[in-house]
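Visitor: Sequence:
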Amino acid sequence: MGGNTKLYFLAAMTCFVSLLCGIILGWMDYRAEKILERHEATGNEEPFRLTDIRHFKSVFWLLSVICVAYYLAIFPFIALGKLFFERKFDFPPQEANNVNSMVYLLSAALSPFFGILIDKTGRNVMWVIISNVTTIGAHFVLAFTFLNPYIGVIALGISYSLLASGLWPLVALIVPESQLGTAYGICQAVQNMGLATVIILAGMIVDSYGYLMLEMFFLGCLFISLVAAVLIYIIDSANNGVLNMSPEMRDNVKIHTSSDNSAETANLLDNEEYTDQEEIDSRRPDDGDPDQSPAVPRNPAVAQSDRIRTRYLAQILPNTNIPYRQ
16 MGGNTKLYFL
26 AAMTCFVSLL
36 CGIILGWMDY
46 RAEKILERHE
56 ATGNEEPFRL
66 TDIRHFKSVF
76 WLLSVICVAY
86 YLAIFPFIAL
96 GKLFFERKFD
106 FPPQEANNVN
116 SMVYLLSAAL
126 SPFFGILIDK
136 TGRNVMWVII
146 SNVTTIGAHF
156 VLAFTFLNPY
166 IGVIALGISY
176 SLLASGLWPL
186 VALIVPESQL
196 GTAYGICQAV
206 QNMGLATVII
216 LAGMIVDSYG
226 YLMLEMFFLG
236 CLFISLVAAV
246 LIYIIDSANN
256 GVLNMSPEMR
266 DNVKIHTSSD
276 NSAETANLLD
286 NEEYTDQEEI
296 DSRRPDDGDP
306 DQSPAVPRNP
316 AVAQSDRIRT
326 RYLAQILPNT
336 NIPYRQ
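Taking this note's numbering as reference, the numbering of the sequence shown is continuous, increasing by one, and the terminal residue is 341.
In case anyone wonders, no lab produced these hints; they're calculated from the structure.
Please note: incorrect hints may appear among the correct ones.
Cross-link-like lysine-lysine pairs, in silico, DSS-like; alpha carbons within 27 Å at most [stated by the list, open to error]:
#1 K72 to K269
#2 K21 to K97
#3 K21 to K135
Quick list of the computed label-pair ranges, beta carbon to beta carbon [unchecked claim]:
#4 P127 to I38: 21 to 29 Å
#5 A124 to S252: 49 to 57 Å
#6 A211 to I38: 22 to 30 Å
Quick caveat, the model's predicted, so the values are computed rather than measured.
Beta carbons are placed, not taken as given, at the ideal position from N, Cα and C, and that holds for glycine.
Given the sequences, and given the hints that come with them, work out the whole structure.
Guide: Here it is in structure tokens:
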């Protein structure tokens, strides 16, 4: 009982530290908003509605499939791993715990380095695919061989760290910034729903069929995750997306897009003096009609807005005559 008390105390302390960090982060963000006056920049943005999730791209939903299917082969395995190593490899409880903890230890140590690697190289989808393949290999070794289990578990920890570093940044590349919180929330909700269900199912599989069938189930989940990752690669490549680009290529796309927008704006605003004169001439009363009332001057800002609107619509609807608003 004393050991459990210490364990619960440690868990409570980590939760308290996490809460304290959250409070500090909230205060820092609030202070940054006041200093940078970010509320003024975002005040005119259209508020996000929950019904807008139906407009999320198919790539985002495939990403959610990976969040569920991949992590189903990690967390339930660790939850049941101690008994697995005791029964299959005849490890004593302490040794089984040591092996089982390697996944999280490696993740804590390697995740920052994998994050730097992916920041430098990009190609997030490629790394996600590699992570799925190596995780399948790790589970295959644990399920069908009697090699030292440290081999499979170390491969599992490396793959798990690599996938997390490559997968989660993809959400920010798919979903607009104003919807990021909702998108991450959906991913976490779907993942937790899957875990809550599958952990119960995993226990039933172990009790009824043993650990070999459980490993087969995990391999099936990983194949689903791999298929989803390959589909993301295909869809992104077909649409000239940025998900599997290097950082340099993404920067070039941003520069090119910005240049196109600037050119379009310049095109809409060119010949402004000519258009002004054209509008004045069109509103000048006819000399042969003395009864015609003089034109009422328009607000210059409204006139310029209407000219931009008309030229823009004329570009996208070339066969439509769109008059200026009076």
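Visitor: Against this structure, judge whether each hint is valid.
Guide: Hints, verified against the model:
no., hint, in the structure
1, K72 to K269, "holds, 20 Å"
2, K21 to K97, "holds, 20 Å"
3, K21 to K135, "violated, 42 Å"
4, P127 to I38: 21 to 29 Å, "holds, 24 Å"
5, A124 to S252: 49 to 57 Å, "violated, 33 Å"
6, A211 to I38: 22 to 30 Å, "holds, 28 Å"
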